[in-house]
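Protein chains in written order, with our numbering: chain G, 60 to 381; chain F, 60 to 381.
Note that these hints are calculated values from the structure, not bench results.
In this text the structure is predicted, and so the values were computed from the model without any measurement.
There's no promise every hint is true.
The list treats identical chains as interchangeable, and a pair is accepted whether it falls inside one copy or across any two copies.
[Unchecked claim] 25 Å max Cα-Cα, derived DSS-like pairs, lysine-lysine:
hint, residue 1, residue 2
1, Lys68, Lys367
2, Lys68, Lys159
3, Lys114, Lys162
4, Lys159, Lys64
5, Lys115, Lys64
6, Lys114, Lys64
7, Lys64, Lys310
8, Lys68, Lys114
9, Lys164, Lys310
The residues making up each chain are set out below.
There are 2 protein chains.
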Amino acid sequence: MPSMKDVAKLAGVAIGTVSRVINGNPTVTDEVRWKVQQAIEQLQYVPNEMARNLKKQTSNLVALLVPTVWHPFFSELASYVEEELDSWGYKLLLCNSGSKPWKEKQIIGLLEQNKVAGILGIFSNPVEESVLHRIPVVSIDRPFRANIPCVTSDNHAGGKLALHELVKAGARRLAYLGSVPTVPNECVRRRDGFLEAASQLGIPVTVFEPEEPIGDWNAYLERFLDQTPGIDGIFASQDEKAIRYIAFAEKRGIRVPEDVKVIGYDGIAFEGGLRASLSTIRQPVEEMGRMAVRLLLQRIAGESMEEKVYPLPVVYRPGDTT
Amino acid sequence: MPSMKDVAKLAGVAIGTVSRVINGNPTVTDEVRWKVQQAIEQLQYVPNEMARNLKKQTSNLVALLVPTVWHPFFSELASYVEEELDSWGYKLLLCNSGSKPWKEKQIIGLLEQNKVAGILGIFSNPVEESVLHRIPVVSIDRPFRANIPCVTSDNHAGGKLALHELVKAGARRLAYLGSVPTVPNECVRRRDGFLEAASQLGIPVTVFEPEEPIGDWNAYLERFLDQTPGIDGIFASQDEKAIRYIAFAEKRGIRVPEDVKVIGYDGIAFEGGLRASLSTIRQPVEEMGRMAVRLLLQRIAGESMEEKVYPLPVVYRPGDTT
DNA sequence: AGCATGCGTTGAAACGTTTCATCGAAGGTG
DNA sequence: CACCTTCGATGAAACGTTTCAACGCATGCT
Chain G
60 MPSMKDVAKL AGVAIGTVSR VINGNPTVTD EVRWKVQQAI EQLQYVPNEM ARNLKKQTSN
120 LVALLVPTVW HPFFSELASY VEEELDSWGY KLLLCNSGSK PWKEKQIIGL LEQNKVAGIL
180 GIFSNPVEES VLHRIPVVSI DRPFRANIPC VTSDNHAGGK LALHELVKAG ARRLAYLGSV
240 PTVPNECVRR RDGFLEAASQ LGIPVTVFEP EEPIGDWNAY LERFLDQTPG IDGIFASQDE
300 KAIRYIAFAE KRGIRVPEDV KVIGYDGIAF EGGLRASLST IRQPVEEMGR MAVRLLLQRI
360 AGESMEEKVY PLPVVYRPGD TT
Chain F
60 MPSMKDVAKL AGVAIGTVSR VINGNPTVTD EVRWKVQQAI EQLQYVPNEM ARNLKKQTSN
120 LVALLVPTVW HPFFSELASY VEEELDSWGY KLLLCNSGSK PWKEKQIIGL LEQNKVAGIL
180 GIFSNPVEES VLHRIPVVSI DRPFRANIPC VTSDNHAGGK LALHELVKAG ARRLAYLGSV
240 PTVPNECVRR RDGFLEAASQ LGIPVTVFEP EEPIGDWNAY LERFLDQTPG IDGIFASQDE
300 KAIRYIAFAE KRGIRVPEDV KVIGYDGIAF EGGLRASLST IRQPVEEMGR MAVRLLLQRI
360 AGESMEEKVY PLPVVYRPGD TT
C-alpha cells in the first residue's frame, strides 16, 4: 500500500503538501496540485483513514444501538439513519443490545474504545453520565435523561388520535392494551393521551398493562379477554401487540373489526400484507431517523441544542381493523 | 484521556511493558502486572483502538453490504451476522447499496479506506478483482465469481421441494413467477430445480420472468394473469412476489388457496401475520449468516477455503396458501 | 572465577496521517 | 536599493499503540 510518503517522493514535494492537496487546502499552486494528483493517480494511492482518525482523535463512525434490528420498526429506522449518515460522510456501526442493560453497557464501552464520533440509541436504561461527557449521544424514542436530546414521535397526540379514530369507527367501550409502564419508553404517553381524550368525551377505558415483559402471550391475552368483557374497541401500544391480539381473538370467535375495532401504534405492519392490514398510528420513522442524525451531527460539530425532547407528528393510517 | 504513557509513568515501568500487560503477554512478573493494573484502574485507562488498529494495519470492523436493510430477509440476516461477529470480538458496519452498482463500488472504496477487516455482501455486481487481493470477501446468496466463497440456501433443492409440495397440495397446472434471470442471484436455480422436478413428473410449467426490474406491479401481474389462464399452482421466486400476487389476484376474484395454491421463497413473511400466512420455502437465514461470518473470519486469519459455494438446506414451511 | 543461558524489561522505531512553526522567494513600497 | 509583506512550501513533531533488538541480571555449569 502506497502512503503519502511515496506520493510525496514521486511528486517531488513535501509530505505536508500532499496532505494539503488531499484536503483541498486552497494554498497550493495549480502546478504543484497537478503534480501531486498525477502521482496519486499513478500509485493508486488512497488515504489511510485509520491514520487520519488517530491524528484527529475521532472517526467517521456513528453507532446505532437498537434492541434488535430484526424488528421492522428498527430496520426501517436503521435504513434511514444509514442513508442520512452516508450523505454526510459518516458510516453506520450497528449494534444489537437485545434490550439487556449489561450488554448495552458493554457495547457502549467498546464504542468508546473505538472512538466512534457519536452514538444514536434506543436505550433500555440510562446512559452513564461519564459517557455523555466524552461522546455525543442522541436518544431515539425514549427520553431517559434530561441532558440527552431525544427524538420521539408525538406519543401523546398519537394516543388522542387513536381514541378519536376508534370513536369515529363506532367503538364506545374501550380498552388500552399496553406495555410495562415502568420502562420509560414512551408508551405511557400514548396511554395518557388516549385516556385524556377519552375522559374529555366521557368514555370509559379499561387499562391493561403487564408488570413485566410478556413471556407467555397466550396466557396473557387470555387474561386480557377475561378482564375486558363486552369491549368493542382496543388501542394497543404497539402494532405487534395488536397483531397478536387479533390472531388470538379470532381463534376465540371474536371478529375484527365487526365485534372489536383495533388500532395499533408504530406503523410497521407490512403494507399490503396478506389479506388484511392493521389500522395504526404511524410513527414518522424517516423523519425521526434523519432528525436524530442531524441532531447528533450538530452535537459532534460542537453546536448546542435548543430543546431537549423533539416530538414529531404522527398520522393515522387506516387499515382493515376499524 | 490517559494514554499508555501515563500508565507507564504512574506504574514506574516502560511503555512496552504496559502493552504486554494489556495484551496478556505471559512474560510479565506478577508484581509488575499488579502495579500496572493498579495504575490502569487509577487512571481509568482504556486502550485506544484507533492507535492499535493503525499499528496493526487492520481493524475489528466487518462490513455487511445489503441492497437495503429495510427488508425482513436482510434485517434478519444482519441480526444474526451482528450476533456472530460480536461473539468473535468484531463489530458490524452496515451499508445499504440500494442495489445500485455505482453505489456498491463507492462503498467498497470507502470500506477499503477504512481498512475494514473483511466484507460480507449481497452483491449486485461482481466485485473488482483488485479488491479481492486486498480484502477478504465472502458473498451471500449470489455466487458472482468463482474465487469468492459464497453461502447460499440450496436453491435447486428448494425449487424441487416447492414443486413437490404444490403437487402434494393438489395443483397440476403450474406457473413459475420469477425474477430477472440475467441478474445472477440464485433465483434461476430455484427455477431450474422446480422445472427439473416438474419434468420428472411430467407436469407442465409456464415460466414467467421479467426482463428488467419490475416498475409497475399492477401491469406486470395483469400480464401474468393473461398469460397463465387456468393455472392452479404458483411458485414465486420470492415471498414478496407471492404476497403481491395474492393481493392482486384476490381483487380479481381468484381465491387462494381454493383456486390457486401459492408457495413463496425466503421465509420472510411475518409469522402469524394478520389472518393468513404464506406457504414458503424457508431459507436457513441464521445458518447462512453465521456460516458467512465464520468463513470470512477464516479468510481473515489467512486460512484457505475448501470449496467455493456452500449451499445450506432449506425447509418447507406450510402456511395458509396451499 | 569465568562464561553461557534464559528471563524480564527497556527504549526506540514504525504505522500514516495532520498541523504548525519556519523558511525562502517574489512582489510592493519608501 | 533596502525593507516589509505575502504566500506557497517545507520539515518535524505528535497522535497512541505494537514490536523487536538490545540490555541487565540472576542462575547454573565448567
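Structure-based check of all given hints:
no. : hint            : in the structure
1   : Lys68 - Lys367  : neither (52 Å within a copy, 42 Å between copies)
2   : Lys68 - Lys159  : neither (53 Å within a copy, 38 Å between copies)
3   : Lys114 - Lys162 : neither (30 Å within a copy, 28 Å between copies)
4   : Lys159 - Lys64  : neither (47 Å within a copy, 35 Å between copies)
5   : Lys115 - Lys64  : both (19 Å within a copy, 19 Å between copies)
6   : Lys114 - Lys64  : both (16 Å within a copy, 17 Å between copies)
7   : Lys64 - Lys310  : neither (72 Å within a copy, 67 Å between copies)
8   : Lys68 - Lys114  : both (22 Å within a copy, 23 Å between copies)
9   : Lys164 - Lys310 : neither (42 Å within a copy, 51 Å between copies)
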